[in-house]
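*Asks:* Work out the full structure, taking the sequences as your base and the hints as a guide.
Spelled out from the first residue to the last, the chains are:
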Amino acid sequence: MMNAPISRRHMLVACAVLAAVPSAFAQEATEQPSRRFMMEDAATGNVVDDDIMLGKVSLLYFGYTHCPDICPTSLVQMADVMKAMGDDAKKVQPIFVTVDPARDTSAVMREYVKSFDARIVALRGPAPYTDAMVKAHKAQYEIQKPGGDDPLLYTVDHTASIAMVGANGALLKRFPYGIATAEMTAAVQAAVKAIPAAP
Amino acid sequence: MKLTRRALVAGGLAAVGGRAVARAEDALSAAVLAITHATPKSLDGIAMTGPDGPVHLTNFRGRLVILNLWASWCLPCRREMPSLSRLAAALAGKPAVVLPLSFDRRGLEAVTEFYAELGLTNLPLLAGDTANLQAVNVGPGLPATLVVDAAGLMRWSVTGEATWDDADTLRWLSGLLPAA
Chain A
7 MMNAPISRRH MLVACAVLAA VPSAFAQEAT EQPSRRFMME DAATGNVVDD
57 DIMLGKVSLL YFGYTHCPDI CPTSLVQMAD VMKAMGDDAK KVQPIFVTVD
107 PARDTSAVMR EYVKSFDARI VALRGPAPYT DAMVKAHKAQ YEIQKPGGDD
157 PLLYTVDHTA SIAMVGANGA LLKRFPYGIA TAEMTAAVQA AVKAIPAAP
Chain B
89 MKLTRRALVA GGLAAVGGRA VARAEDALSA AVLAITHATP KSLDGIAMTG
139 PDGPVHLTNF RGRLVILNLW ASWCLPCRRE MPSLSRLAAA LAGKPAVVLP
189 LSFDRRGLEA VTEFYAELGL TNLPLLAGDT ANLQAVNVGP GLPATLVVDA
239 AGLMRWSVTG EATWDDADTL RWLSGLLPAA
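In order, the protein sequences belong to chains A and B.
According to the working numbering, numbering within the first sequence proceeds without interruption in unit steps and concludes at 205.
According to the working numbering, numbering within the second sequence proceeds without interruption in unit steps and concludes at 268.
There's no promise every hint is true.
[To be verified] Residues of chain B clear of chain A, computed beta-carbon distances all greater than 12 Å:
(1) Glu-197
(2) Asp-217
(3) Ala-238
(4) Trp-260
[What the hints assert, rightly or not] Residues from chain A shown here face chain B by an in silico Cβ test under 8 Å; the list is partial:
(5) Thr-71
(6) Pro-78
(7) Val-162
[Stated by the list, open to error] DSSO-like cross-link-like pairs, simulated, lysine-lysine; straight-line CA separation at most 27 Å:
(8) Lys-129(B) / Lys-144(A)
(9) Lys-151(A) / Lys-179(A)
(10) Lys-62(A) / Lys-199(A)
(11) Lys-62(A) / Lys-96(A)
(12) Lys-151(A) / Lys-96(A)
(13) Lys-151(A) / Lys-182(B)
(14) Lys-151(A) / Lys-141(A)
(15) Lys-129(B) / Lys-182(B)
(16) Lys-141(A) / Lys-129(B)
In case anyone wonders, no lab produced these hints; they're calculated from the structure.
Glycine included, every Cβ here is placed at the ideal spot set by N, Cα and C.
*Replies:* Here it is in structure tokens:
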């Protein structure tokens, strides 16, 4: 079933498998926190890991679909960069990770990213998995519950920059909110050019 | 000459201080560390005391306020303060103000000494109150910098040490300035 919810057991089994496989990012393990992750791809319901970034330049954004202004603006910009990249866009992996998995179901995420660019991979996972991924990429978030009767009425404070991760898993740059799209595109183009040719 | 424990501690602190100045340039840009707050919060309840008595955030309505919570005993705070001073210089003449709010037991005396030590002359002297800070619940630890819009609402924040005068941060803050 396309939209099956991800179970804790799936996550744990996949985690054990991942732990046994040498990480593509192992080279930086001694110097940087591991950026390995395991999340649900909202488009397919499958568990994916950092292999989806392997060999590509990734643009990574942590946000949530109820985000009133900053997230849509950032995702529009991500989509604009993808368009500007032309054929080289296939070497770029845009990723949107929700920091609000409670409200952002796979169905919600799937529809949300489609409205920006269908190439954006939407990831969600249980809070501990989300937390690990957020921390590994040096981002932050905090749920702000105002109180009141509706437990689903809240906002999330979160890092607004977009991270660019190189083909080897290294965190290359973080684009601040409001950066010019042309400047961002130029940086992504340069990173794509630096991808080593396949043997 | 015999090397005393006191001399060693002083030398160690000096060495840490020297290294700290060098490391300040390495801190990440505030613009990339910035956290957006979808539910803006009023910080009008925050208590500040200047040389002439209480200072209220409402005094700065109509201006973008960069409110830096710091203390002279906090090493990362010390490291980032020169870049906040340079930010204040870059924002001079614009509808914006940098307010470093110190949380030192010695109050403004500690701030005055620290500014003199670093030769900072363009930042206001402001002392905060720890119990008040907890009461207004504005984030964990020092340093923390809160970006308050012209209406007095906190829209952005940066926790931890950052560089405040790099091109990305100047561009980001310029975009937040109220319209003339």
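*Asks:* With reference to the structure, classify each hint as holding or not holding.
*Replies:* Going down the list of hints, with the structure as the test:
At roughly 34 Å from the closest C-beta of chain A, the C-beta of Glu-197(B) stays outside 12 Å, upholding its exclusion from the interface. At roughly 24 Å, the least C-beta separation between Asp-217(B) and chain A is larger than 12 Å, which holds for a residue marked as non-interface. For Ala-238(B), the shortest C-beta to C-beta distance to chain A comes to about 17 Å, beyond the 12 Å cut-off, and the non-interface label holds. Not every CB of chain A lies more than 12 Å from the CB of Trp-260(B), the least distance being 5 Å, so the non-interface label is violated.
Annotation: interface hint on Thr-71(A) violated; nearest CB of chain B at approximately 12 Å, more than 8 Å. With a least beta-carbon distance of about 12 Å to chain B, the hint placing Pro-78(A) at the interface is violated under the 8 Å criterion. Contact between Val-162(A) and chain B, as hinted, is supported at the beta carbon level, the nearest pair being about 7 Å apart and thus within 8 Å. Only pairs whose Cα atoms come within 27 Å are accepted, and Lys-129(B) paired with Lys-144(A) is accepted, the gap being roughly 24 Å.
The straight-line distance between the Cα atoms of Lys-151(A) and Lys-179(A) is roughly 31 Å, outside the 27 Å bound, and the hint therefore fails. Taken as a hint, the Lys-62(A) and Lys-199(A) pair is honoured in the structure, with Cα atoms around 11 Å apart against an allowance of 27 Å. Restraint check: the Cα-Cα separation between Lys-62(A) and Lys-96(A) comes to about 8 Å, which is no more than 27 Å; the hinted pair holds. Pair hint Lys-151(A) plus Lys-96(A) does not hold up; C-alpha atoms about 39 Å apart against a cutoff of 27 Å.
For the proposed pair Lys-151(A) and Lys-182(B), the alpha carbon gap of about 35 Å is over 27 Å, so the pair is violated. Restraint check for Lys-151(A) and Lys-141(A): the C-alpha separation of about 21 Å stays at or below 27 Å, so the hint holds. Note on Lys-129(B) and Lys-182(B): the hinted pairing holds, with a Cα-Cα distance of about 23 Å set against a maximum of 27 Å. The hinted pair formed by Lys-141(A) and Lys-129(B) meets the criterion: a straight-line CA distance of about 25 Å does not exceed 27 Å.
The structure fails to meet hints 4, 5, 6, 9, 12, 13 from the earlier list, while all remaining hints are met.
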